[in-house]
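Visitor: Sequence:
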Amino acid sequence: MNRLTLDVLPEGFMDTLKPSFAYLPQTDHADGKYRFRRYSKIDYYGLNVGTASFTQSSDYNKHQGDVDRKFDPVDDDILNSEPFKTIHLLFRDAGDLFFEDVEVHQMRIFTEGKTVPVSPEGVHQDGYHIVGIFGVHRHNIDGGDALVFMKQDGPPVLSRKLETGEYIILDDENLWHSAKEIMTIDKASPGYMDAFILTACRDES
Numbered sequence: 048m049n050r051l052t053l054d055v056l057p058e059g060f061m062d063t064l065k066p067s068f069a070y071l072p073q074t075d076h077a078d079g080k081y082r083f084r085r086y087s088k089i090d091y092y093g094l095n096v097g098t099a100s101f102t103q104s105s106d107y108n109k110h111q112g113d114v115d116r117k118f119d120p121v122d123d124d125i126l127n128s129e130p131f132k133t134i135h136l137l138f139r140d141a142g143d144l145f146f147e148d149v150e151v152h153q154m155r156i157f158t159e160g161k162t163v164p165v166s167p168e169g170v171h172q173d174g175y176h177i178v179g180i181f182g183v184h185r186h187n188i189d190g191g192d193a194l195v196f197m198k199q200d201g202p203p204v205l206s207r208k209l210e211t212g213e214y215i216i217l218d219d220e221n222l223w224h225s226a227k228e229i230m231t232i233d234k235a236s237p238g239y240m241d242a243f244i245l246t247a248c249r250d251e252s
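When you line the sequence shown up against the working numbering, it's residues 48 to 252, in that order.
Quick caveat, the hints were computed from the structure, so don't treat them as lab data. A portion of the hints provided could be inaccurate.
[To be verified] Taking lysine-lysine and the DSS-like style, the derived pairs with C-alpha atoms no more than 25 Å apart in a straight line are:
#1 K80 <-> K161
#2 K161 <-> K208
#3 K117 <-> K80
[Said to hold, decoys possible] For each label pair, taking beta carbons as the anchor points, the in silico distance ranges come out as:
#4 D140 <-> T162: 32 to 42 Å
#5 E58 <-> E251: 18 to 28 Å
#6 H186 <-> D54: 17 to 27 Å
#7 Q73 <-> M48: 29 to 39 Å
#8 M197 <-> P237: 28 to 38 Å
Cβ atoms here follow ideal geometry from the backbone N, Cα and C, with glycine treated the same way.
Start from the sequences and build out the full structure, keeping to the hints where you can.
Guide: Listed below in structure tokens is the structure:
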């Protein structure tokens, strides 16, 4: 795979997916008051497999590592939609995936009159071979730029506000990533940033 892909989907591509983000649940996890989420592991055909439980090693996630986090699954209507099937296929092709499962995070980062971290882990890798970040919608916020690094302690080689339809797919073994905090523009109204994050490991046996 290429180490880094940056591209944009056609205008209006995300329109049918946007409304579902308004119904993402809060959780009791450390980030659950400002990162609303659904999570699923899907197979080659896009079908939900396994349980909606997610754990990252503390070797990668210093914020919530080694914690078993449970989430409601992504709705099958979303997974079966033509726009999401296209996202899934783009991700698989970019990552040279064959029949491997893909993990899907449907996420809203929410802020109401204060600054909120998008990436509380800081500059990090996720412990996969490939990570994809697909921008769905931004509302009443500044910040939230996706940052990509060649080295964990180096300067960013990419800083990008992912507008609707823009996406980054990166080699998680050789690159690091993070994101800037978000804050509301109009303090009298809430703001949010919606995205799909896809992750996978290749079967290299």
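Visitor: Does each hint fit the structure? Answer for all of them.
Guide: Verification of the supplied hints:
{"no.": "1", "hint": "K80 <-> K161", "in the structure": "holds (13 Å)"}
{"no.": "2", "hint": "K161 <-> K208", "in the structure": "holds (19 Å)"}
{"no.": "3", "hint": "K117 <-> K80", "in the structure": "holds (15 Å)"}
{"no.": "4", "hint": "D140 <-> T162: 32 to 42 Å", "in the structure": "holds (37 Å)"}
{"no.": "5", "hint": "E58 <-> E251: 18 to 28 Å", "in the structure": "violated (37 Å)"}
{"no.": "6", "hint": "H186 <-> D54: 17 to 27 Å", "in the structure": "holds (23 Å)"}
{"no.": "7", "hint": "Q73 <-> M48: 29 to 39 Å", "in the structure": "holds (35 Å)"}
{"no.": "8", "hint": "M197 <-> P237: 28 to 38 Å", "in the structure": "holds (35 Å)"}
In this structure, the one hint that does not hold is number 5.
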